[in-house]
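Colleague: Sequence:
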Amino acid sequence: MKKQPYFRSKAILDSLIEEYFIKALTDDKSKSKHHQPPTITGLAFHLGFKSKEQFDDFEKRGRLSLIITQARFRIMAYYESRLHYPSPAGAIFALKSMGWTDKPKAVTKKPRRVKSIKVNWWKPGRNQPRQRKKYNYNNIK
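Counting from 4, one number per residue, gives the positions in the sequence shown under our numbering.
Everything labelled a hint here was simulated from the structure, so no lab data went into it.
Nothing here was measured: the structure is a model prediction, and the numbers come from that model.
Please note that the accuracy of each hint is not assured.
Below are the DSS-like pairs computed for lysine-lysine, each with C-alpha atoms no more than 27 Å apart in a straight line [to be verified]: (1) Lys53 x Lys108; (2) Lys53 x Lys63; (3) Lys13 x Lys26; (4) Lys99 x Lys63; (5) Lys99 x Lys26; (6) Lys113 x Lys53; (7) Lys63 x Lys13; (8) Lys99 x Lys53; (9) Lys63 x Lys26; (10) Lys55 x Lys26; (11) Lys55 x Lys99; (12) Lys108 x Lys63.
Please put together the full structure from these sequences, using the hints given.
Modeller: Laid out in structure tokens, this is it:
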């Protein structure tokens, strides 16, 4: 794997990320022909990563991973805001590729435990049980 970019400090990484978002969001407002909205891949390219896998690996294991995660959330927030536009299909696709889902999770019920009580009957005056009966109370409502 190729060597990851090295950031000397948190401040340098913060300034590079902020520079990327300022450029992307001002292009968005100008509605220019070559408009580039903020994307994960665009951010990774701007920061000097050579692949998305390299960027993801840095986010998982890098010493400044929290800053990268916050930048990813800013991009998700941008796509989430695009859901309120007339045709949000692209934003929906992007959010789904980031792990979002539009289907509710199926809730599975835990199986009920069988509860039973052991009852011993004694005939008065004797020390040993006369008969043993086992009752199952699961069907009682």
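Colleague: Hint by hint, say whether it matches the structure.
Modeller: Right, here's what the structure says about each hint:
no.	hint	result
1	Lys53 x Lys108	violated (36 Å)
2	Lys53 x Lys63	holds (16 Å)
3	Lys13 x Lys26	holds (20 Å)
4	Lys99 x Lys63	holds (20 Å)
5	Lys99 x Lys26	holds (25 Å)
6	Lys113 x Lys53	violated (47 Å)
7	Lys63 x Lys13	holds (16 Å)
8	Lys99 x Lys53	holds (24 Å)
9	Lys63 x Lys26	holds (26 Å)
10	Lys55 x Lys26	holds (21 Å)
11	Lys55 x Lys99	holds (17 Å)
12	Lys108 x Lys63	holds (26 Å)
Checked against the numbered hints above, the structure violates hints 1, 6; every other hint is satisfied.
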